[in-house]
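Chemist: The listed protein sequences derive, respectively, from chains A and B. Under the working numbering, the first residue of the first sequence carries the number 1, and numbering increases by one thereafter. Under the working numbering, the first residue of the second sequence carries the number 65, and numbering increases by one thereafter.
What the hints contain is simulated information worked out from the structure, not anything from laboratory work. Among these hints, one or two may not hold up.
[Claimed, not checked] Restricting the straight-line Cα-Cα distance to at most 20 Å, the calculated cross-link-like pairs of lysine to aspartate or glutamate (EDC-like) are:
| id | chain 1 | residue 1 | chain 2 | residue 2 |
| --- | --- | --- | --- | --- |
| 1 | B | 395 | A | 23 |
| 2 | B | 370 | B | 430 |
| 3 | B | 513 | B | 318 |
| 4 | B | 370 | A | 47 |
| 5 | B | 513 | B | 352 |
| 6 | B | 513 | B | 434 |
| 7 | B | 370 | B | 466 |
| 8 | B | 179 | B | 83 |
| 9 | B | 370 | B | 333 |
| 10 | B | 179 | B | 124 |
| 11 | B | 179 | B | 91 |
| 12 | B | 513 | B | 310 |
| 13 | B | 395 | B | 405 |
| 14 | B | 370 | A | 45 |
| 15 | B | 370 | A | 44 |
| 16 | B | 370 | A | 34 |
| 17 | B | 179 | B | 94 |
| 18 | B | 395 | A | 47 |
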Amino acid sequence: MDERTDLPRILPTAPTGGVPLTEERLREVAAQWEQTRRALRAMDDADLGETEPATIFAWRTDER
Amino acid sequence: MTHQELCYLTIAEQARLIERLEVSPVEVVESAIRQIERLDPQVNAFITVTAESARAAALEAEREIANGGYRGPLHGIPIALKDLFYTRGIRTTAGSTFLRDFVPTEDATVVARLKGAGAVIVGKTNMHEWAFGATNTNPHYGDVRNPWDPARVSGGSSGGSAAAVVARMVPAALGSDTGGPIRIPAALCGVVGLNPPYGRVSRNGAIPCAWSMDHIGPLCRTAEDAAIVMGTMAGWDPMDPASSREPVPDYRAELGRGISGIRLALLQEYVSDPAQPDVAAAFRAAVDLLRHLGARVETVSIPETKYAVPASTAIMSAEIASYHEERLRTKPEGFGADVRERLEMGLMMAATDYVKAQRIRRMLTDRFLDLLRVYDALLCPTEPAAAPRFDQATVRFGGIEEPRGATLVRHTRLFNLTSLPAASVPCGYASDGMPVALQIAAAPFAEGKLLRIAHAYQQNTDWHLRVPPIAA
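Chain A with its partners taken away, still in its complex shape:
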């Protein structure tokens, strides 16, 4: 990945939560995150169809 090319695309959305990161840290961390993001986006939305997000009770059947 060309970090210099990628950085402007990442910067507007990162970081969240008000945690300060220097530009140097952003470059390092963005490169790591980009791999995961690409792998996630390789999943075709059409194949997910109407699948709703999981919750932590994904397969729970019992009522508490």
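Chain B: place on chain A using the hints.
Modeler: Then chain B, alone, in the frame of chain A:
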């Protein structure tokens, strides 16, 4: 019986002697403490050793048992706890500097249950910082060294627990598993590690890693011992919002039912995945043995399995970053470099990526639930490679070279993402002498069946009886 002989015994064996009054809990606990004192300077499995309170508890157990108050198979048995479980009056660091002096005023639910069954806590085990890492290198409390070869990692994040068990310091230890941290060190150190189904064991009083993927479970040398510990720990807890009311089976009674006719599926995506030749050979031999014991074995494929690691990375990273956000904002230098970098990754996630990961989680969970309506269990190697060395940044196997952290979680994350029970069982040794393991996963709340398969396998193999040279 000498101290050395006593600490070689399993829980089941120690318990038999204690129940018959042939051995006192004082002797059993003393054997554990001496083994810790002898070996821990080399292994670094413990952050805190509670020798004094353990000796006092052992004495109390001895009195109780002598007076006819035997409580069951954990009474007087020495047990270690990963250092993220709240222990009343004993510091609980989570492997971090932030909690270096934190002393809880309450016990975690699992700790209270173990104590209630008479178990004796001998110490708190070393772990990857905040349970967020698979190697158990720790810049604050030192690295845990693999008892089979101190130049190699133990695996993590419950590395101290696995190392303590295989080095015969304790017959059992508790761990937690968010993406493999019970099964990874269990595999690399050569012990049994059980990741119970989500909701089965209370997380109350366990410092979280990622709330929706955290599982609490035992590390032992045998499936029988794991059944004993689970029998005490499992079950509904009103203090844990994710706790299940699903009835807890008699795990130990289930062990003896054998595996004739049981249907096993080899998960093609992980079985045909490249692996070190020694790992592949040991896995094939284990499958052949299970077939010989009466299991029916077929190969199945779920191609979407390849999304398990990125989806779990996204979900874990977001949850962990949320939990540590305030610390990251106010004292980022308090984190070790590797943990800080991955926490910061979690801050960068777009909400759409996070939701996509949760949709993948749902899709994969549905696929595996469908599969486990047909098969009793899934099998694959726990790890594609044996324990890497500390100085080894990457692992090579089957024409692949990747960062060691990626290799370690390759086959384990799936079962945290889908919340399914999974166990790692020793199934051989690589040519360099390092342990190799088999992973068995089952349907929700079918961990009893999983332990039954592991027990049948261990009854016909002796991998779990081998002792690292430093512990001999």
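Chemist: Confirm or reject each hint.
Modeler: Verification of the supplied hints:
Between the alpha carbons of residue 395 (chain B) and residue 23 (chain A) the distance comes to roughly 18 Å, so the proposed pair stays at or under 20 Å and holds. Distance check on the hinted pair: residue 370 (chain B) and residue 430 (chain B) sit about 15 Å apart at the alpha-carbon level, within 20 Å; holds. Note on residue 513 (chain B) and residue 318 (chain B): the hinted pairing holds, with a Cα-Cα distance of about 7 Å set against a maximum of 20 Å. For the proposed pair residue 370 (chain B) and residue 47 (chain A), the alpha carbon gap of about 14 Å is at most 20 Å, so the pair holds.
Taking the CA atoms of residue 513 (chain B) and residue 352 (chain B), the gap is about 19 Å. The hint holds against a cut of 20 Å. Of the pairs offered as hints, the one joining residue 513 (chain B) and residue 434 (chain B) holds, with about 17 Å between alpha carbons and a cut-off of 20 Å not exceeded. Between residue 370 (chain B) and residue 466 (chain B), the direct Cα distance comes to roughly 16 Å. Compliance with the 20 Å bound is thereby established for this hinted pair. Note on residue 179 (chain B) and residue 83 (chain B): the hinted pairing holds, with a Cα-Cα distance of about 17 Å set against a maximum of 20 Å.
The suggested pairing of residue 370 (chain B) with residue 333 (chain B) holds, with an alpha-carbon distance near 8 Å, which does not exceed 20 Å. Of the pairs offered as hints, the one joining residue 179 (chain B) and residue 124 (chain B) holds, with about 12 Å between alpha carbons and a cut-off of 20 Å not exceeded. Between residue 179 (chain B) and residue 91 (chain B) the alpha-carbon distance is near 18 Å, which keeps this suggested pair within the 20 Å criterion. Restraint check for residue 513 (chain B) and residue 310 (chain B): the C-alpha separation of about 15 Å stays at or below 20 Å, so the hint holds.
For the proposed pair residue 395 (chain B) and residue 405 (chain B), the alpha carbon gap of about 14 Å is at most 20 Å, so the pair holds. With a C-alpha separation of about 15 Å, the suggested pairing of residue 370 (chain B) with residue 45 (chain A) holds against the 20 Å cut-off. For a cut-off of 20 Å, the pair hint linking residue 370 (chain B) to residue 44 (chain A) stands: about 13 Å separates their Cα positions. As the CA atoms of residue 370 (chain B) and residue 34 (chain A) are separated by approximately 17 Å, the hinted pair is consistent with the 20 Å bound.
Under the criterion of a C-alpha separation no larger than 20 Å, the hint pairing residue 179 (chain B) with residue 94 (chain B) is consistent with the structure, at around 18 Å. Proposed proximity of residue 395 (chain B) and residue 47 (chain A) is contradicted: the alpha carbons are some 42 Å apart, above 20 Å.
Hint check: a violation occurs at hint 18 only; the rest are consistent with the structure.
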